[in-house]
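Chemist: Chains A and B are the protein sequences, given in the same order.
The working numbering puts the first sequence at residues 1 to 315.
The working numbering puts the second sequence at residues 1 to 429.
Treat the hints as calculated values from the structure; they're not laboratory data.
Using N, Cα and C, we set each Cβ at its ideal position, and we do this for glycine too.
Be aware that one or more of the hints could be misleading.
[As the list claims (entries may be wrong)] Simulated coverage check for chain B against chain A, where a stretch passes if three residues somewhere in it have a Cβ under 8 Å from a Cβ of chain A: (1) 72 to 80; (2) 193 to 202; (3) 243 to 249; (4) 259 to 271; (5) 386 to 395.
[As the list claims (entries may be wrong)] In silico EDC-like cross-links for lysine to aspartate or glutamate, where the CA-CA straight-line distance does not exceed 20 Å: (6) B:K335 / B:E355; (7) B:K80 / A:E63; (8) B:K241 / B:D408; (9) B:K241 / B:E410; (10) B:K343 / B:E330; (11) B:K265 / A:D151; (12) B:K104 / A:E69; (13) B:K100 / A:E63; (14) B:K104 / A:D61; (15) B:K139 / B:D110; (16) B:K422 / A:E63; (17) B:K106 / A:D61; (18) B:K327 / B:E56; (19) B:K104 / A:E71; (20) B:K221 / B:D426; (21) B:K104 / B:D426.
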Amino acid sequence: MSTVTTPTRAAGGVGVMPDTPGWARWANAHRKWLFAAPAMAFVAVLIVFPLAWTGYLSLTDAEGSVRAESEFVGFRNYLDVLSDTDRFWPAVGRTATFTLAALLFEVVLGMAIALLLWRPFKGEKWVRVAILMPLVATPVAVGMMWRLIFDPNIGLANQVLGWIGIGPQPWLAGQHTALPTTIFIDVWQWTPMVVLILLAGLTSLSDEPQEAALIDGASTWQRFRHVTLPLLMPTVLVAILLRGIDALKTFDILYATKGRGGGSFHEVETLNVYAYGLSFDYNEYGVSSTVLILFFLIIIGSMWALTARRKEAQR
Amino acid sequence: MRRRSIFGTSLAVVAALGLSACGGGGDDSGASKTVRVTLANHVWTESIKQALPEFEKQTGLKVELTQLGEDQLSDQYNVKLNAGSSDIDVMMYRPLQEGKLFAKNKYLADLSEHVKSSKDWDFDDFQSGPVEATTYEDKTVGVPIITEQEVLYYRKDLLAKAGLSAPPKTLDELKAAAAKIKAAEPGTAGFVARTGKSPAVTQFSSFLYSFGGDFVDDSGKATVNSDAAKQAYAFYGGLIKDAGPANVSTDMGWPEAMAIFTQGKAAFYTEANSLYKNATDPAKSKVADTVGFAPFPAGPAGSKPYNIPSWALGVNDSSENKSNAWKFIEWATGKEQTLALQKAGVPSARTSVWENPEGTAGYPKDLVEAITESGKAGVAHDRPVVVKVAQAREIVGQPIVDAIAGKDAEAAADTANEAFQKFLDDEAR
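With these hints in hand, go ahead and build the complete structure from the sequences.
Modeler: If you want it as structure tokens, here you go:
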């Protein structure tokens, strides 16, 4: 790098004294790389390397032990997985159902609660604390708690239903009720986060458009539909983006309530649970990596679609 | 140009980190005075923990203990042994669940020399079935510490109330008694057992054998759709569906099933005898006073419960402290310690301990009789003996949950057999 030896050529226009040692001059010239290096090393070690390794594994038939010899099989795993209608595609379906249903309820409920909390009222502080409670609980503990509540024989949920004359429901134990029940738990836990984000958005809105609409005689619904919502749209999309990615990746609640394989009939087996089972129950590292890479692409894809939509909304 | 060089640097950093993590060999160069022992949550572990100071005093070694639940333990082994980590010296593992996989992956050190040279310790004293399960390609890779048979847990009070003087001797009697009690006692199930696709397989196996079936025949062909197997699936699933708890979950392992039994919500329960303390300990069980034990009821082929080593101790092949690890195993599985453990309620694999009256004194009398009975005709495996046990269990367990859910058990058995045969073919390749 002979280009930086003359002081006058020092990058960034910062003057370098003629008696500065060589290494300092070099460091000065490369400081934008130097300062970024720790962060770049971090990203390389903890994100790029694992991802590349997973990508590599997905092209091999690695199984049993990662240290055992494995053969390069090209895209065979991808063909196998994409043609697997037994576990993979149902898992994709469940992941989509879980995410979309949870998102829908969380955004609608979150919006309603945020609107209620928007204007100051007496006891506001306590209500906010109560609403945020589920958010601070650990998901595994939440899963265990709901598992007890929803136990078909000794759980509280069926007891309460009994008081109002409704027969016991299978909840998490039922083949068709397990997924809706886990969606309910997710909604219970994560709606507060949506409330938080939307509330922040609402507070930053200016009052003038509202007042103008009020003077024009707009009803409450009209003001919400045509004034508040359009102004809040970018925030809503942020909430959907953050919550959506999280919901796609949900593992803890599902695993804590239904265990390995998402239950005996794979009732709640999403892609994440499936990939976990492939590596930790079956030791099929190659196939598991394939599922993870496909899952990663799905997340990237949906994130990209949402951000594109967001940019449009901002325009 | 510059961009690439930065990229190169970060790659070099990654490589350096990777290399430093891959160090460590399999010799004793790193022998330390601390033996790192990883154990599962079990009565055995609780008892050995109390005796540890004795070992430390005898040998001058220190024991560093890690204790985990079964599932976490498996995950932990998967991660650490896979990475060739040397921070486990002694490991408690399940010979029938993971033994074949671990041995094949060379995670388990060869202990043949040690077991042969230790005369006082006496390897010949161990029952042959369990020893077979801890042997891989003629090498001893583990020492069995706990044996297990399936027995019938029952409630004496409910039986008396229903006018039954003795526990059922056959599966037909069991079915009739369970139905009778369920009908007479609202809110109480006649029968409970594991229902999860994978956990149920081991406890279902005794039903399968007693109907005259097995998972695989002598020539290695899948046989889970034999007439005997179909009857066994329909019987086990039907018993839970008809006489089991209302709205029964198909995810129950032993903790859930045991909870139903010990909460007083079921009259009969088929389960491994090694878990009996959960039912007889008043601190854990509401029915501690009224629980009884009986040998596994006879089916068309007689009473054929499994008789297996559920846990064994092995040495991590990547350990740098192998000779001290062996010292720990030698002590923990020695005659003296085994007797003490069996007195604490852990059924051992040592013949001498079972022959010693002291060794059986602590057990409920009916349980000892049930165990002795099981020892006679016991089958040495309680799940398909394969490398990928987890998959195999899910395949052969499917008809169980289908039967519980009221689906056609015969059709499910045919489907499962086809899948299982394909699985066996794949594994043989």
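Chemist: Taking the earlier hints as the rules, which of them does this structure contradict?
Modeler: Those not satisfied: there are none.
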